[in-house]
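Student: Please build the complex by placing chain B on the supplied structure of chain A, with the hints as guidance.
2 protein chains.
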Amino acid sequence: MNSRRNFLQQLTASVIAFNLPAYSYAGRNIFFNEMNDGPVLRVAIMGLGSYGTRVAEAMQSCSKAKLTGLISGTPSKIKTWQSKYGIPDKNCYNYENFDAIKNNPDIDAVYIITPNALHHDQVIRVAKAGKHVICEKPMALNAKEGQEMIDACKQANVQLLVGYRMHFEAKTLEIIRMRREGEFGKILFFQGLCGFTIGDPNQWRLNRQLAGGGSMMDIGIYAVNGARYMIGEEPLWVTAQETKTNPTKFKEGVDETIQFQFGFPGGAVASCLSTYTMNNLDRFFLNGENGFAELQPSTGYGPIKGRTNKGELNQPHITHQTVQMDEMAGIILQGKKPIIPVDGEEALKDLKIIDAIYLAAKTGKKVDLNL
Amino acid sequence: MNSRRNFLQQLTASVIAFNLPAYSYAGRNIFFNEMNDGPVLRVAIMGLGSYGTRVAEAMQSCSKAKLTGLISGTPSKIKTWQSKYGIPDKNCYNYENFDAIKNNPDIDAVYIITPNALHHDQVIRVAKAGKHVICEKPMALNAKEGQEMIDACKQANVQLLVGYRMHFEAKTLEIIRMRREGEFGKILFFQGLCGFTIGDPNQWRLNRQLAGGGSMMDIGIYAVNGARYMIGEEPLWVTAQETKTNPTKFKEGVDETIQFQFGFPGGAVASCLSTYTMNNLDRFFLNGENGFAELQPSTGYGPIKGRTNKGELNQPHITHQTVQMDEMAGIILQGKKPIIPVDGEEALKDLKIIDAIYLAAKTGKKVDLNL
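Residue numbers (my numbering), protein chains in the order written: chain A, 1 to 371; chain B, 1 to 371.
If you're looking for bench data, these hints aren't it; they were derived computationally from the structure.
Please note that a few of the clues may not be correct.
To be verified - Coverage of chain B stretches by chain A, computed from C-beta distances (three or more under 8 Å per stretch; other residues unrestricted):
id, stretch
1, 254-261
2, 279-287
Stated by the list, open to error - Taking lysine-lysine and the DSS-like style, the derived pairs with C-alpha atoms no more than 30 Å apart in a straight line are:
id, chain 1, residue 1, chain 2, residue 2
3, A, K362, B, K366
4, B, K249, B, K77
5, A, K249, A, K154
6, A, K251, B, K366
7, B, K79, A, K244
8, A, K365, B, K77
9, A, K349, A, K362
10, B, K244, A, K366
11, B, K362, A, K244
12, B, K154, B, K186
13, A, K249, B, K305
14, A, K349, B, K244
15, A, K244, B, K251
16, B, K251, A, K366
17, B, K186, A, K362
18, B, K154, B, K144
19, B, K366, A, K366
20, B, K349, A, K244
21, B, K251, A, K365
22, A, K154, A, K244
23, A, K249, B, K365
24, A, K244, B, K186
25, B, K310, A, K310
26, B, K305, B, K349
27, A, K305, A, K144
28, A, K365, B, K365
29, B, K244, B, K349
30, A, K362, B, K310
31, A, K154, A, K144
32, B, K144, B, K79
33, B, K366, A, K249
34, B, K244, A, K186
35, A, K144, A, K366
36, A, K366, B, K310
Said to hold, decoys possible - Partial list, derived from the structure: chain B residues whose beta carbon lies under 8 Å from chain A:
id, residue
37, L188
38, T239
39, Q241
40, T243
Glycine included, every Cβ here is placed at the ideal spot set by N, Cα and C.
This is chain A alone, in the form it adopts within the complex (with noise of 0.2 Å):
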């Protein structure tokens, strides 16, 4: 009772707080958002490093989701934050004491925005503390670990999705609209190259423990996702060929460039490039028997620039993590189904690619997928 009493004063506080009307929904309080058109999805972002500030920002102007609650280990970080959006102490943890966040019913979700390699353990904790998990790509380290987070989050009932943000891009979606709808005819090609040079060497994405890997863990995914939603099949062979030409930025597990090849049921290939050694490499290119198309830039934060055999693509630009998470509290809250997973299950099919590339990069063999 003494549980519930204090639950349903913090409810009362939060609802003042954000000024938002509740109601109970399949066991869980739901908020609406200030329109009441809708829902809305109360996030705490854990990791207030470049990317959670980016996601932040772009949250103030969603519609069905909030930012309610920060997890940070940097006291000071947490302070400018709260001043900046208004999140009050109770709402604010730390990496030692965010178990607690199972009690605090101003919290439907974390967004965990860390180092790639405290992703599993992160997660597993979220769901264990019953709220659900937005999680950064790349989900985890390896396969294993995605499967470990993906059964932990099924245990707990709670939702995870996992930060692809490009599949709720409007010029994206509009050429998965028409390959869908045959206007390319059948899918042969298709080619992703993703890069950029990276600066600082003594950032973690360099650090093997905690990114797991170098480019591939960090711009790669976005050619091997991008492989799969643009032809629309999972492959069934990867190849891969691994060029390292600085071993002191680079060192031993982290690396600089991988090209990679794809093979899928229709037959149609892929040709891939990771790299941290290009500046803003950023090509999809799609080409089937009847048309094309390509973007260019293609996964960047936007704008996204594309063209088809038809012509421009002209789809309005709107920041992507404000769409997606507009989105994903729609899938959250809502049970909405989204146009591309963005589910753990999609996240892991990533993770055994990039599993299989490594391996093929390392043996020179042709590996095979089974997804």
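Tutor: This is chain B only, laid out in the frame that chain A set:
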């Protein structure tokens, strides 16, 4: 003396027939063009098929090369061409008697435009007849044949050039100038996507005996050669993956689609595609530390279109085969050095790479090159 008199008679006849002033240089008679501003290369075309027709048409605009002879197995073609180009009977040959070209003072060189499998023997026969050879690419079915052809031409003291028309294309050369002058910085990546949908399943290009392979011999060679001239280095290794969706059309030994990758000494990598199953796929992309270049179309008959990080390329289009033949006249008659080689040694490198691509595709293993 009799043969010398015959020679002089024929010489006079040819000077009258083509209205060309003549002089003797380096033991050979050299004929000036009508504007008298340079020597003219008098060429017989061997193989009056569709590409031969294109070359002959283009040569009508040449100032330094002139069509003076025909070699064909089809008398009706000979007749049509004779009347169109004013070729006298004595300059027309078939595949049985063309060794007699040795005694024809109207012909300096033979341009061999026949199915790939015939090049080896034909080049050697032309060389033995003492005429310079221009051979369409691929020069031969494999490197072994290519080496024999080079040796035969060397022994006969005739030049052997190969129909690399892109080596004279203005936009291509501008990119190469920029790359050589460091305008792109360190070169990191080349992508060459070359393909088209091949029609008639009964044509010689889909006959292993005549073509020596499939798309790789015909269109993939543009990506092989392009990777080398765009990057400006010779590849160290190659990997390759073959995909066949239509084994009826593309029989054993006739490749439909091959993806292949190179690594270069400077650390650059290349990712290429050769296919007979995609419409008008014709894209080059060169990426450097400080800039990029792209051509699209990149190797078609033109106009080539392209841009670099500095803007559109605006070099005017001139029919490729016209430029090629005028430039080849300068190489053969005046010892001009082309910006990118077009000799047998250049072609041999492509053949060694193609041999390695087929081996890599078959074994699934990386193949080291030693070029």
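Student: Could you run down the list of hints and mark each one as holding or not?
Tutor: Okay, the hints, checked on the actual structure:
Under the rule that three or more residues need a Cβ within less than 8 Å of chain A, the assignment of the stretch 254-261 of chain B holds, with 3 such residues. Only when three residues or more bring their CB closer than 8 Å to a CB of chain A does the claim for the stretch 279-287 of chain B stand; here the count is 5, and the claim holds. In summary, the hint linking K362(A) to K366(B) is supported, as the alpha carbons are separated by about 12 Å, within the 30 Å threshold. Distance hint between K249(B) and K77(B) is fulfilled; the C-alpha atoms sit about 29 Å from each other, no more than 30 Å.
In summary, the hint linking K249(A) to K154(A) is not supported, as the alpha carbons are separated by about 39 Å, beyond the 30 Å threshold. Proximity of K251(A) to K366(B) is assessed by CA-CA distance (about 23 Å); at most 30 Å being required, the pair is judged to hold. A distance of roughly 60 Å separates the Cα atoms of K79(B) and K244(A); the hinted pair therefore is violated under the 30 Å criterion. A distance of roughly 51 Å separates the Cα atoms of K365(A) and K77(B); the hinted pair therefore is violated under the 30 Å criterion.
A hinted pair counts as satisfied when its Cα atoms are at most 30 Å apart, and K349(A) with K362(A) qualifies at roughly 20 Å. Our distance criterion of 30 Å between C-alpha atoms is met by K244(B) and K366(A), whose separation comes to about 16 Å. Only pairs whose Cα atoms come within 30 Å are accepted, and K362(B) paired with K244(A) is accepted, the gap being roughly 26 Å. The straight-line distance between the Cα atoms of K154(B) and K186(B) is roughly 37 Å, outside the 30 Å bound, and the hint therefore fails.
Among the hinted pairs, K249(A) with K305(B) is inconsistent with the structure: their alpha-carbon atoms are about 37 Å apart, more than 30 Å. With a C-alpha separation of about 25 Å, the suggested pairing of K349(A) with K244(B) holds against the 30 Å cut-off. Restraint check for K244(A) and K251(B): not satisfied, since their Cα atoms lie roughly 38 Å apart, outside the 30 Å limit. Annotation: proposed proximity of K251(B) to K366(A) holds, straight-line Cα distance about 23 Å (limit 30 Å).
Restraint check for K186(B) and K362(A): satisfied, since their Cα atoms lie roughly 26 Å apart, inside the 30 Å limit. The straight-line distance between the Cα atoms of K154(B) and K144(B) is roughly 16 Å, inside the 30 Å bound, and the hint therefore holds. Of the supplied pair hints, the one linking K366(B) and K366(A) holds, its CA atoms being roughly 11 Å apart against a limit of 30 Å. For the given pair, K349(B) sits about 25 Å from K244(A) by alpha-carbon distance, which is consistent with the 30 Å threshold.
Straight-line distance between C-alpha atoms of K251(B) and K365(A) comes to about 25 Å, which keeps the hinted pair within the 30 Å bound. A threshold of 30 Å between alpha carbons decides the hint, and for K154(A) with K244(A) the separation of about 40 Å lies outside it, so the pair is violated. Only pairs whose Cα atoms come within 30 Å are accepted, and K249(A) paired with K365(B) is accepted, the gap being roughly 28 Å. Proposed proximity of K244(A) and K186(B) is supported: the alpha carbons are some 14 Å apart, at most 30 Å.
For the hint pairing K310(B) with K310(A), the CA-to-CA distance comes to about 27 Å; that is within 30 Å, so the pair holds. Distance hint between K305(B) and K349(B) is fulfilled; the C-alpha atoms sit about 27 Å from each other, no more than 30 Å. Straight-line distance between C-alpha atoms of K305(A) and K144(A) comes to about 36 Å, which puts the hinted pair past the 30 Å bound. At roughly 7 Å between alpha-carbon atoms, K365(A) and K365(B) fall within 30 Å of each other, so this suggested pair holds.
At most 30 Å may separate the alpha-carbon atoms for a hinted pair to count; K244(B) and K349(B) meet this at roughly 26 Å. The straight-line distance between the Cα atoms of K362(A) and K310(B) is roughly 38 Å, outside the 30 Å bound, and the hint therefore fails. Distance restraint check for K154(A) and K144(A): the Cα-Cα separation of roughly 16 Å lies within the 30 Å cut-off, and the hinted pair is therefore satisfied. The suggested pairing of K144(B) with K79(B) is violated, with an alpha-carbon distance near 37 Å, which exceeds 30 Å.
Pair hint K366(B) plus K249(A) holds up; C-alpha atoms about 26 Å apart against a cutoff of 30 Å. Restraint check for K244(B) and K186(A): satisfied, since their Cα atoms lie roughly 14 Å apart, inside the 30 Å limit. As the CA atoms of K144(A) and K366(A) are separated by approximately 21 Å, the hinted pair is consistent with the 30 Å bound. Proposed proximity of K366(A) and K310(B) is contradicted: the alpha carbons are some 39 Å apart, above 30 Å.
At a threshold of 8 Å, the smallest CB-CB gap from L188(B) to chain A is about 5 Å, leaving the interface hint in force. At about 5 Å, the closest approach between the beta carbon of T239(B) and any beta carbon in chain A falls short of 8 Å, and the interface hint on this residue holds. Interface restraint check: Q241(B) against chain A, minimum CB-CB distance 5 Å, threshold 8 Å, status holds. Hint on T243(B) holds. Least Cβ distance to chain A is approximately 5 Å, under the 8 Å limit.
Hint check: violations occur at hints 5, 7, 8, 12, 13, 15, 22, 27, 30, 32, 36; the rest are consistent with the structure.
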